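2 protein chains.
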Amino acid sequence: MITPDPYDTPSLLVDAAVLERNLSRMAAHAHSNGKRLVPHAKTHRNVALGLRQIAAGADGLTVAKLGEAEEFARAGVNRLVVAYPLVGEHKARRAVELSRRVELIVAADSVEGARSLAEVATAQGTELAVRLMIDSGLGREGLRPEEAVRVAREIAGFDGLHLQGIQTHEGNVYTATDEADLRARCREVARLMTSVAEELRAAGIPVHDVSVGASASARIMAEQSGITELRPGIYAFNDLGQVALGNAALADCAARVATTVVSSPRPGYGCIDAGSKALGADLVPAVAHRDAFPGYGLIPELPGWIVARLSEEHGWLRWTGAEPAPQLKIGERVHVIPNHVCMVFAALGECHLVEADTTTWLPCMSAGTSR
Amino acid sequence: MITPDPYDTPSLLVDAAVLERNLSRMAAHAHSNGKRLVPHAKTHRNVALGLRQIAAGADGLTVAKLGEAEEFARAGVNRLVVAYPLVGEHKARRAVELSRRVELIVAADSVEGARSLAEVATAQGTELAVRLMIDSGLGREGLRPEEAVRVAREIAGFDGLHLQGIQTHEGNVYTATDEADLRARCREVARLMTSVAEELRAAGIPVHDVSVGASASARIMAEQSGITELRPGIYAFNDLGQVALGNAALADCAARVATTVVSSPRPGYGCIDAGSKALGADLVPAVAHRDAFPGYGLIPELPGWIVARLSEEHGWLRWTGAEPAPQLKIGERVHVIPNHVCMVFAALGECHLVEADTTTWLPCMSAGTSR
Chain B
1 MITPDPYDTP SLLVDAAVLE RNLSRMAAHA HSNGKRLVPH AKTHRNVALG LRQIAAGADG
61 LTVAKLGEAE EFARAGVNRL VVAYPLVGEH KARRAVELSR RVELIVAADS VEGARSLAEV
121 ATAQGTELAV RLMIDSGLGR EGLRPEEAVR VAREIAGFDG LHLQGIQTHE GNVYTATDEA
181 DLRARCREVA RLMTSVAEEL RAAGIPVHDV SVGASASARI MAEQSGITEL RPGIYAFNDL
241 GQVALGNAAL ADCAARVATT VVSSPRPGYG CIDAGSKALG ADLVPAVAHR DAFPGYGLIP
301 ELPGWIVARL SEEHGWLRWT GAEPAPQLKI GERVHVIPNH VCMVFAALGE CHLVEADTTT
361 WLPCMSAGTS R
Chain V
1 MITPDPYDTP SLLVDAAVLE RNLSRMAAHA HSNGKRLVPH AKTHRNVALG LRQIAAGADG
61 LTVAKLGEAE EFARAGVNRL VVAYPLVGEH KARRAVELSR RVELIVAADS VEGARSLAEV
121 ATAQGTELAV RLMIDSGLGR EGLRPEEAVR VAREIAGFDG LHLQGIQTHE GNVYTATDEA
181 DLRARCREVA RLMTSVAEEL RAAGIPVHDV SVGASASARI MAEQSGITEL RPGIYAFNDL
241 GQVALGNAAL ADCAARVATT VVSSPRPGYG CIDAGSKALG ADLVPAVAHR DAFPGYGLIP
301 ELPGWIVARL SEEHGWLRWT GAEPAPQLKI GERVHVIPNH VCMVFAALGE CHLVEADTTT
361 WLPCMSAGTS R
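Those protein sequences? They're chains B and V, same order as listed. Numbered by this note's numbering, the letters in the first sequence go through residues 1 to 371 in order. Numbered by this note's numbering, the letters in the second sequence go through residues 1 to 371 in order.
One chain only, chain B, in its complex shape (with noise of 0.2 Å):
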């Protein structure tokens, strides 16, 4: 008979005081500053976790894909924003039948991506909440802010659509060199959304909501005037890509890959079970901080060791210090703090939260919540 054990590895564990420590500070942040916090949820795709940010004070759940704002409504989440182009008749469908259950508030960057989703909700006799995407630099999806009045103007006309504001993924924030670059970079998204808006109101189109979403930019952005709406993500977890940028010091984060060294064929080289199908692939965005948290993450049991490289299941530890190697103790339990977080969910699917006395595994959504 096999004992299940939580420690098995890789496994990522959550330390939940430290988690329920980022939640609050956020949510208290936020409200102080008149803002709503909607945290983005596709962090974890976690139904529980979903669940204790909203009991922390989170107004409601930001998503990437229809299917997880399915599953949290199913949890009894009511106010979902999905930050994604809802594109064709099976989506725009799927859109009006949940917009029945929760208030639901979608979104459109495109004039025939509103049209899909308005020709469906009239057909229905119904409304759904949009909101434009504006691009404030990352250069992804996003109108122009120059097209924002023509394309708010043909949408704020479509019979089954509510224009309802304005929002923004202000990702460019990410690579961000110092405090002083990213503080300027925030004013600055800040600056375009409200102008943005301001214009938007002076067509005669009213705007509601001004919203801004990234972990990188919400400690600022919070303190900003004319915002209404932060969704930052990875701020509940917090990763090395959030300490570089200076938003957490190591000690607020609050995910770990549990890992165990499995192979040290040579002085300076070692593996550790615990691969791109378990840390994610991402380096720190931070490009200017790579130096200083390079590899794909941070082992604090072995300074000096770093995770040079990733294969599906191995990560390869390579020695950097000055002195010779010491010896990798097969064997030996170590814990990674991942460069990004929302990776290590989506690859492992599951997490143990670990509070004082117990451990509760708690499982992602399944497949299929990506559509």
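Because the hints were derived from the structure by calculation, they are not lab data. Everything hinted at is true.
Partner residues aside, some chain B positions facing chain V, computed with beta carbon under 8 Å:
hint	residue
1	Ala-64
2	His-90
3	Gly-142
4	Ala-281
5	Ala-346
6	Leu-348
Stretch by stretch, here's where chain V covers chain B in the computed footprint (C-beta under 8 Å, at least three residues):
hint	stretch
7	8-19
8	105-112
9	264-275
10	308-315
11	357-366
Quick list of the computed label-pair ranges, beta carbon to beta carbon:
hint	chain 1	residue 1	chain 2	residue 2	range
12	V	Gly-226	B	Thr-320	37 to 43 Å
13	B	Gln-327	V	Gly-125	30 to 36 Å
14	V	Gly-139	B	Arg-333	22 to 28 Å
15	B	Gly-76	V	Gly-246	51 to 57 Å
16	B	Glu-323	V	Pro-294	38 to 44 Å
17	V	Pro-294	B	Thr-360	40 to 46 Å
Computed from a predicted model, the values in this text were never measured in an experiment. We put the beta carbon where it would ideally sit given N, CA and C, even for glycine.
With chain B fixed as given, assemble chain V onto it according to the hints.
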């Protein structure tokens, strides 16, 4: 009422006819050369697909993790190779338990790791079949060839273990520049493995299995003498990595990610709804071929466009043609042939098997089997 739609995006579609052709070709090639074929099922972590491989002639399955082995065993696969160093009492107990029900072969590359297996097996009054992992040039795990005899002697001396042979993952062949280089690298790995086997035999240690494993090399390794077993994984589906190496044509790629163009905020730019949580984040492993296969997958319907970058949910399309960029159609459904199909299965956790007139949903193994 929302009708479930297997073509909602992003989703992984597997062409059953191409899959079956790939499976039977490799089985025939291995068997006609007198080799066992023990496919690496970490590629898909999917019970139904593993059973198809067995039905098509595979001589058991290879896995990376014990959790995968346990799940395949429950489905009736009775020969399983765990091609990963198992370390620690908990994993040893699971391995012993599993070895009572199926033919199980586990791997070791250190005396310490082997000792933990041996102690548990001895305490439980049984014996585990073990293979010594050899580093054939990848530089990850596995013993240097010159260490093999010394370590093999120690391991062969442990009660509770039966040293059954040697194995390697010749991942270094993935960076071959052309067919001649690929053939030369494969021959070198075969030479090295057979020479290690001969040294062990000369030292009085019987070597039954000489096992190699990589889809990059399987076609050529099948023809090398002295090798007894092939453990390719990707060959079942193929991907751009295999196309780049000359192991497959695009028509041999059985797996495609169906995705939708969701945004095109400016000419020459666009987004699809498949990011790193659908496509994985790997480039084509053959560095020499990245100019020919740039970006994060190939979209046959959109010549001139590349998947230039990934965020979690977004594929960033960029126009690379000489003429002005054609307008992308928001809502258009297109298909990505992935760079590395293993990471697509890991990211989406399911596939849809498309046969002539049916589509079957095949969920992959759940969280926890990665241990």
